[in-house]
Structures are given as C-alpha cells and as structure tokens.
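Residue numbers (our numbering), protein chains in the order written: chain A, 1 to 115; chain B, 1 to 111.
I should point out that these hints are in silico values taken from the structure, not numbers from a laboratory.
A few of these clues could be false.
Heads up, incomplete: computed chain B residues facing chain A, CB under 8 Å, no partners named [as the list claims (entries may be wrong)]:
id : residue
1  : V4
2  : E15
3  : G16
4  : P44
5  : L47
6  : G60
7  : F62
8  : F65
9  : S69
10 : S85
11 : F89
12 : N97
13 : D98
14 : G102
15 : T108
16 : P111
Computed from a predicted model, the values in this text were never measured in an experiment.
Glycine residues also receive a C-beta, built at the ideal position from the N, C-alpha and C atoms.
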Amino acid sequence: GAGVSQSPSNKVTEKGKDVELRCDPISGHTALYWYRQSLGQGLEFLIYFQGNSAPDKSGLPSDRFSAERTGGSVSTLTIQRTQQEDSAVYLCASSLGGTSTDTQYFGPGTRLTVL
Amino acid sequence: DQQVKQNSPSLSVQEGRISILNCDYTNSMFDYFLWYKKYPAEGPTFLISISSIKDKNEDGRFTVFLNKSAKHLSLHIVPSQPGDSAVYFCAASAGNNDMRFGAGTRLTVKP
C-alpha cells in the first residue's frame, strides 16, 4: 500500500515569505508527527496529532510555526515569515495508534531552503 | 538539549565484519528505544526496538543491547553487508509521543 507522502520534495523560498508543507499519512493511521532535521542534527520533534487534535505542540520552535490536520488525514505545516535558520528537512510520520511503541512510518521529507 | 547522543558521526567497516553503533541518553525516564535506518532522499525506516524491561533484542542480523545503568544502547549488525550502508538514528521515548532522536551515525560497509 501507499506510504507516507510529502509535498513538495524541495522548496526554495526567500526570507520573510510564508511556506506550506503537506503530509499525506498512511490511510487509517490516527497519529501524525512532524519533525525537522537541520544539517548535522538529529530529528527534532515539532508536533503530534491524534486525529485532528494536537495534544502536544511543545516542539514548535516559535509562533511562526503552525500546523493543522483535517479529516483525520492530511496535515499542513505552515511557517510564516521564514528565516534562514528554518532551512532544514521537514519529515512527517504516521502511526496506526498514538502510543509511543507504535511504529512510526516516515515520509521522504521536504527540503526547505530559505535564502 | 541533546537527550540522545550518537557521538560517532561515521563508521566504516568491511563487509562480513560486525558493525557496532552506539547511543547514549541522559533522561532516566526513557523506557522505549528504537533504531531507524535512513537512505539518502528517503525518510527513516524503523529497524529494531527494545523496551527498558529487556537488555537485548535480536532480529536476524540486527541486535540491540540496552545497558540502563550506563544509559547506553548499541546496535550490532553481523555480518555487515554493503546494503547496510546508511545513516542510523537512535531514538528514545518516555511513554509519551515526544520521541527524541540522536544526530545519526553514517555507516559505510565496504565490499
């Protein structure tokens, strides 16, 4: 079956512009996660959705970052007024349930470059 | 706040030999640990996990060892194959959905 997909695969934007990153999880997966990986760093947790609600927004680095999930499926991560330090690979993952032991399946990521 | 650390950014081994990837953590509340493997231009894929109630978990050529007192885990791959060449991430969670990842170790297996 189809895995997690993300679009776009690459995004180059100018500092100060807004960007939207999209994630399509595996069908039937109730949990959805956003991470980012900056150069030379590990994966940094950003936000977690269970269904359409986000019980854990603790990882969002600033109020320029927001995310939503509609219909328990597609999620959009929005970064407003992008800064150069936002440049990273943004990864989305989904899991069948929402427990910590459920395997997370990752998408290929969106590489964001802020000039 | 690096709660999960992989201190070796890279490792190179000969095909057929053992690969040992190490990971240290600082949060004693972590109770579930995972290893993910990542090829270029792809997302990480789950490899193997271990619960804190165990000290070893084996799956084919892959074995994960957990030393809770030392807050250390390791992934052993034996025998190593060229197709194992990838970046390996260690991850840990404390029973919630905030999973912490290490920076990764790039493994190169030479034929």
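We went through each hint and held it up to the structure:
With a least beta-carbon distance of about 7 Å to chain A, the hint placing B/V4 at the interface is held under the 8 Å criterion. Given the 8 Å rule on beta carbons, the hint for B/E15 is violated: about 27 Å separates it from the nearest Cβ of chain A. Interface restraint check: B/G16 against chain A, minimum CB-CB distance 29 Å, threshold 8 Å, status violated. For B/P44, the shortest C-beta to C-beta distance to chain A is roughly 5 Å, which falls under 8 Å, so the interface hint holds.
Given hint, B/L47 at the interface with chain A, is violated; its Cβ is 10 Å from that chain's nearest Cβ, farther than 8 Å. Checking B/G60 against chain A: minimum C-beta separation of about 17 Å lies over 8 Å; hint violated. Checking B/F62 against chain A: minimum C-beta separation of about 15 Å lies over 8 Å; hint violated. Residue-level restraint check for B/F65 is violated (minimum Cβ-Cβ distance to chain A is 19 Å; threshold 8 Å).
Residue-level restraint check for B/S69 is violated (minimum Cβ-Cβ distance to chain A is 22 Å; threshold 8 Å). This hint is violated: B/S85 has a C-beta 18 Å from the nearest C-beta of chain A, more than the 8 Å allowed. Taking 8 Å as the C-beta cut-off, the interface hint given for B/F89 holds, the closest approach to chain A being about 7 Å. Below 8 Å, beta-carbon pairs count as interface contacts, and B/N97 has one with chain A at about 5 Å; its hint therefore holds.
With its C-beta approaching chain A no nearer than about 5 Å, B/D98 sits inside the 8 Å limit, and its interface hint holds. Nearest Cβ of chain A to the Cβ of B/G102: about 5 Å, under the 8 Å cut. The hint holds. Given the 8 Å rule on beta carbons, the hint for B/T108 is violated: about 17 Å separates it from the nearest Cβ of chain A. Taking 8 Å as the C-beta contact cut-off toward chain A, the hint placing B/P111 at the interface is violated, the least distance being around 27 Å.
In summary, the numbered hints that this structure violates are 2, 3, 5, 6, 7, 8, 9, 10, 15, 16.
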